[in-house]
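Q: One letter stands for each residue in the lines below.
Protein chains: 2
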Amino acid sequence: MLYLIGLGLADEKDITMRGVEALKRCGKVYLEAYTSILTVGKERFEEAYGVKIEIADREMVESGFDEVLATGCEEHVALLVVGDPFGATTHADLVLRARKLGIRVEIVHNASIMNAVGCCGLSLYRYGETISIPYFTETWRPDSFYDRLVSNRRCGLHTLCLLDIKVKEPTLDSLARGKPVYMPPRFMTVNTALEQLLEIEASRQEGACTAESLCIGVARIGCADQRIVAGSARELLAVDFGAPLHSLVIVGDAHPLELELLEGFSASASGAPSTEPAQSQ
Amino acid sequence: MLYLIGLGLADEKDITMRGVEALKRCGKVYLEAYTSILTVGKERFEEAYGVKIEIADREMVESGFDEVLATGCEEHVALLVVGDPFGATTHADLVLRARKLGIRVEIVHNASIMNAVGCCGLSLYRYGETISIPYFTETWRPDSFYDRLVSNRRCGLHTLCLLDIKVKEPTLDSLARGKPVYMPPRFMTVNTALEQLLEIEASRQEGACTAESLCIGVARIGCADQRIVAGSARELLAVDFGAPLHSLVIVGDAHPLELELLEGFSASASGAPSTEPAQSQ
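Residue numbers (UniProt numbering), protein chains in the order written: chain A, 1 to 281; chain B, 1 to 281.
Check the hints yourself; a few may be wrong.
Here are the simulated DSBU-like cross-link-like pairs (lysine-lysine), alpha carbons at most 30 Å apart as the crow flies [what the hints assert, rightly or not]:
{"no.": "1", "chain 1": "A", "residue 1": "42", "chain 2": "B", "residue 2": "166"}
{"no.": "2", "chain 1": "B", "residue 1": "13", "chain 2": "A", "residue 2": "28"}
{"no.": "3", "chain 1": "B", "residue 1": "24", "chain 2": "B", "residue 2": "168"}
{"no.": "4", "chain 1": "B", "residue 1": "52", "chain 2": "A", "residue 2": "24"}
{"no.": "5", "chain 1": "B", "residue 1": "24", "chain 2": "B", "residue 2": "13"}
{"no.": "6", "chain 1": "A", "residue 1": "168", "chain 2": "A", "residue 2": "179"}
{"no.": "7", "chain 1": "B", "residue 1": "166", "chain 2": "B", "residue 2": "42"}
{"no.": "8", "chain 1": "B", "residue 1": "168", "chain 2": "B", "residue 2": "52"}
{"no.": "9", "chain 1": "B", "residue 1": "166", "chain 2": "A", "residue 2": "13"}
{"no.": "10", "chain 1": "A", "residue 1": "52", "chain 2": "A", "residue 2": "28"}
{"no.": "11", "chain 1": "A", "residue 1": "42", "chain 2": "A", "residue 2": "179"}
{"no.": "12", "chain 1": "B", "residue 1": "24", "chain 2": "B", "residue 2": "179"}
{"no.": "13", "chain 1": "A", "residue 1": "13", "chain 2": "B", "residue 2": "24"}
{"no.": "14", "chain 1": "B", "residue 1": "13", "chain 2": "A", "residue 2": "42"}
{"no.": "15", "chain 1": "A", "residue 1": "13", "chain 2": "B", "residue 2": "28"}
{"no.": "16", "chain 1": "B", "residue 1": "179", "chain 2": "A", "residue 2": "24"}
{"no.": "17", "chain 1": "B", "residue 1": "179", "chain 2": "B", "residue 2": "13"}
{"no.": "18", "chain 1": "B", "residue 1": "166", "chain 2": "B", "residue 2": "28"}
{"no.": "19", "chain 1": "A", "residue 1": "28", "chain 2": "A", "residue 2": "13"}
{"no.": "20", "chain 1": "B", "residue 1": "42", "chain 2": "A", "residue 2": "13"}
{"no.": "21", "chain 1": "A", "residue 1": "13", "chain 2": "B", "residue 2": "52"}
{"no.": "22", "chain 1": "B", "residue 1": "42", "chain 2": "A", "residue 2": "24"}
{"no.": "23", "chain 1": "B", "residue 1": "28", "chain 2": "B", "residue 2": "52"}
{"no.": "24", "chain 1": "A", "residue 1": "24", "chain 2": "A", "residue 2": "168"}
{"no.": "25", "chain 1": "B", "residue 1": "179", "chain 2": "B", "residue 2": "168"}
{"no.": "26", "chain 1": "A", "residue 1": "52", "chain 2": "A", "residue 2": "24"}
{"no.": "27", "chain 1": "B", "residue 1": "168", "chain 2": "A", "residue 2": "52"}
{"no.": "28", "chain 1": "A", "residue 1": "168", "chain 2": "A", "residue 2": "52"}
{"no.": "29", "chain 1": "A", "residue 1": "24", "chain 2": "B", "residue 2": "13"}
{"no.": "30", "chain 1": "A", "residue 1": "52", "chain 2": "A", "residue 2": "166"}
{"no.": "31", "chain 1": "B", "residue 1": "42", "chain 2": "B", "residue 2": "179"}
{"no.": "32", "chain 1": "A", "residue 1": "13", "chain 2": "A", "residue 2": "42"}
{"no.": "33", "chain 1": "B", "residue 1": "13", "chain 2": "A", "residue 2": "52"}
{"no.": "34", "chain 1": "B", "residue 1": "13", "chain 2": "B", "residue 2": "52"}
{"no.": "35", "chain 1": "A", "residue 1": "24", "chain 2": "A", "residue 2": "42"}
I should point out that these hints are in silico values taken from the structure, not numbers from a laboratory. In this text the structure is predicted, and so the values were computed from the model without any measurement.
Produce the complete structure using the sequences and hints provided.
A: See the structure below:
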């Protein structure tokens, strides 16, 4: 059996009882560590649940896992995934490869940013397509996600923007030399995401995200020090959201109850406090 | 402190370790039992975690909870919610009322159908607005959700349809007499949802859900006997999905990887098996 176990959002306490039971059944346990991160290292899981955990990077999950699957997973194998196992396409692909080999796969669901973002006060029902914002480079400044944002805005829908994560990325130089040297991990901030969006807005001019657009920056959702701030893009550019992970919501046509809930996270001095202690809201 | 604790989707094992810790801190524990249901009763939680639980019906959560909040929640209070606490608007409203009274609220997130539906193989990023399908009556046959389905389809997006639940609904007769008598609980099936959608389609004729549209019926997601079947609306009408809860997905423009994953759940004899045992896929 291959178990894909969702870990939720913050630390070793966000795994479910079902997840812990599955974990303890497994001879081999991997932690997927490139599509998202927790606030704690694998050691905390090893201590809390008495298991030994190997880190699985992109290469391992996308190709190295074929060796694991080739064993038939008769000794139960677990892949721990931050959030829910189906938050990233790469895990759907793994399920497909396992299925082709006749290996049974059991899923242990958990919260992910896709549903936990509900805590910022906007109804989950009223989100349109989710977009991913990649880091711009000198020569690569894609804007296809802007089309999806325009489409959501036209339908009055909110847009969740997932922000780029660069973990274990080799430098171009080192690749050219054939001996990968890895850059330090980078996690896109709400501020960088907004700068890039405003740059695209300036050239496209379709009004999907202007300096005055109502947005919500969220950081470390589900953690004791989570931060949620609602305000115009211009206001949020000045906010320091702290440590990763960050996400951004572009607000569509908000209902009165939604606006009332957002007031509690207002960036402007006249509003209620924009952040509150210890996972509270 | 008021704790809103998500329970996930199936039974007492889907609560997180953080949720269990919070639960044990509380002097009063309520289980919200009208926006969704688990496959087990409150007794299983009481036995597993050594707490006493009161059932909170709609009336209790929407107005009766004001008495609980009036105590200031100095003795910690927990409201257990199936799925994630922000799956239903009613809980966002409760957070707002608590906040106005200066009561701290802590959220314990969990999986909900909004993200767990990722298990059927379609990318969560490519869903549009979620729709709720209410039971038709003789005199009330609303179709406003059809507009949102049309809009999603035009953008090529998938649509998650949440199906009506009637729990503790008084009969009209008994209301007239001023002494409520409750009807047995009802949970809309995939079949009823499709019948209603096809009836609207027949009058509106915008092609958002025809007998040939590719749909996915899902039942008891996250449970050992979950069922996922993909096929045309016509094919799914003939499928018995078994016990509640059911949901329905109307497929938008699917990518090749999505279609490959759906094959594993095909309703047609030529496809792969449409269901698999014990929470596996």
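Q: Now tell me if each hint is right for this structure.
A: Hint by hint, here is what the structure shows:
A distance of roughly 44 Å separates the Cα atoms of residue 42 (chain A) and residue 166 (chain B); the hinted pair therefore is violated under the 30 Å criterion. Taken as a hint, the residue 13 (chain B) and residue 28 (chain A) pair is honoured in the structure, with Cα atoms around 22 Å apart against an allowance of 30 Å. Annotation: proposed proximity of residue 24 (chain B) to residue 168 (chain B) holds, straight-line Cα distance about 29 Å (limit 30 Å). Of the supplied pair hints, the one linking residue 52 (chain B) and residue 24 (chain A) holds, its CA atoms being roughly 29 Å apart against a limit of 30 Å.
Restraint check: the Cα-Cα separation between residue 24 (chain B) and residue 13 (chain B) comes to about 15 Å, which is no more than 30 Å; the hinted pair holds. Distance hint between residue 168 (chain A) and residue 179 (chain A) is fulfilled; the C-alpha atoms sit about 13 Å from each other, no more than 30 Å. Note on residue 166 (chain B) and residue 42 (chain B): the hinted pairing holds, with a Cα-Cα distance of about 19 Å set against a maximum of 30 Å. For the hint linking residue 168 (chain B) to residue 52 (chain B), the alpha-carbon distance of about 22 Å falls within 30 Å, and the restraint holds.
Between residue 166 (chain B) and residue 13 (chain A) the CA atoms are separated by roughly 34 Å; this puts the pair beyond 30 Å, and the hint is violated. A threshold of 30 Å between alpha carbons decides the hint, and for residue 52 (chain A) with residue 28 (chain A) the separation of about 8 Å falls inside it, so the pair holds. A distance of roughly 27 Å separates the Cα atoms of residue 42 (chain A) and residue 179 (chain A); the hinted pair therefore holds under the 30 Å criterion. Only pairs whose Cα atoms come within 30 Å are accepted, and residue 24 (chain B) paired with residue 179 (chain B) is rejected, the gap being roughly 38 Å.
Simply put, residue 13 (chain A) and residue 24 (chain B) have alpha-carbon atoms about 14 Å apart, close enough for the 30 Å limit, and the pair holds. In summary, the hint linking residue 13 (chain B) to residue 42 (chain A) is supported, as the alpha carbons are separated by about 23 Å, within the 30 Å threshold. Annotation: proposed proximity of residue 13 (chain A) to residue 28 (chain B) holds, straight-line Cα distance about 22 Å (limit 30 Å). About 53 Å separates the Cα atoms of residue 179 (chain B) and residue 24 (chain A), which puts this hinted pair outside 30 Å; it is violated.
Under the criterion of a C-alpha separation no larger than 30 Å, the hint pairing residue 179 (chain B) with residue 13 (chain B) is inconsistent with the structure, at around 38 Å. As the CA atoms of residue 166 (chain B) and residue 28 (chain B) are separated by approximately 26 Å, the hinted pair is consistent with the 30 Å bound. Under the criterion of a C-alpha separation no larger than 30 Å, the hint pairing residue 28 (chain A) with residue 13 (chain A) is consistent with the structure, at around 21 Å. Proposed proximity of residue 42 (chain B) and residue 13 (chain A) is supported: the alpha carbons are some 23 Å apart, at most 30 Å.
Restraint check for residue 13 (chain A) and residue 52 (chain B): satisfied, since their Cα atoms lie roughly 23 Å apart, inside the 30 Å limit. For the proposed pair residue 42 (chain B) and residue 24 (chain A), the alpha carbon gap of about 26 Å is at most 30 Å, so the pair holds. For the hint linking residue 28 (chain B) to residue 52 (chain B), the alpha-carbon distance of about 8 Å falls within 30 Å, and the restraint holds. Of the supplied pair hints, the one linking residue 24 (chain A) and residue 168 (chain A) holds, its CA atoms being roughly 29 Å apart against a limit of 30 Å.
With a CA separation close to 13 Å, the supplied pair residue 179 (chain B) and residue 168 (chain B) stays within the 30 Å bound. With a C-alpha separation of about 10 Å, the suggested pairing of residue 52 (chain A) with residue 24 (chain A) holds against the 30 Å cut-off. Distance restraint check for residue 168 (chain B) and residue 52 (chain A): the Cα-Cα separation of roughly 48 Å exceeds the 30 Å cut-off, and the hinted pair is therefore not satisfied. Proximity of residue 168 (chain A) to residue 52 (chain A) is assessed by CA-CA distance (about 22 Å); at most 30 Å being required, the pair is judged to hold.
For the given pair, residue 24 (chain A) sits about 14 Å from residue 13 (chain B) by alpha-carbon distance, which is consistent with the 30 Å threshold. Taken as a hint, the residue 52 (chain A) and residue 166 (chain A) pair is honoured in the structure, with Cα atoms around 26 Å apart against an allowance of 30 Å. At roughly 27 Å between alpha-carbon atoms, residue 42 (chain B) and residue 179 (chain B) fall within 30 Å of each other, so this suggested pair holds. Restraint check for residue 13 (chain A) and residue 42 (chain A): the C-alpha separation of about 12 Å stays at or below 30 Å, so the hint holds.
Pair hint residue 13 (chain B) plus residue 52 (chain A) holds up; C-alpha atoms about 23 Å apart against a cutoff of 30 Å. A C-alpha spacing of about 17 Å is found between residue 13 (chain B) and residue 52 (chain B), which places the hinted pair at or below 30 Å, so the restraint holds. Distance restraint check for residue 24 (chain A) and residue 42 (chain A): the Cα-Cα separation of roughly 15 Å lies within the 30 Å cut-off, and the hinted pair is therefore satisfied.
Hint check: violations occur at hints 1, 9, 12, 16, 17 and 27; the rest are consistent with the structure.
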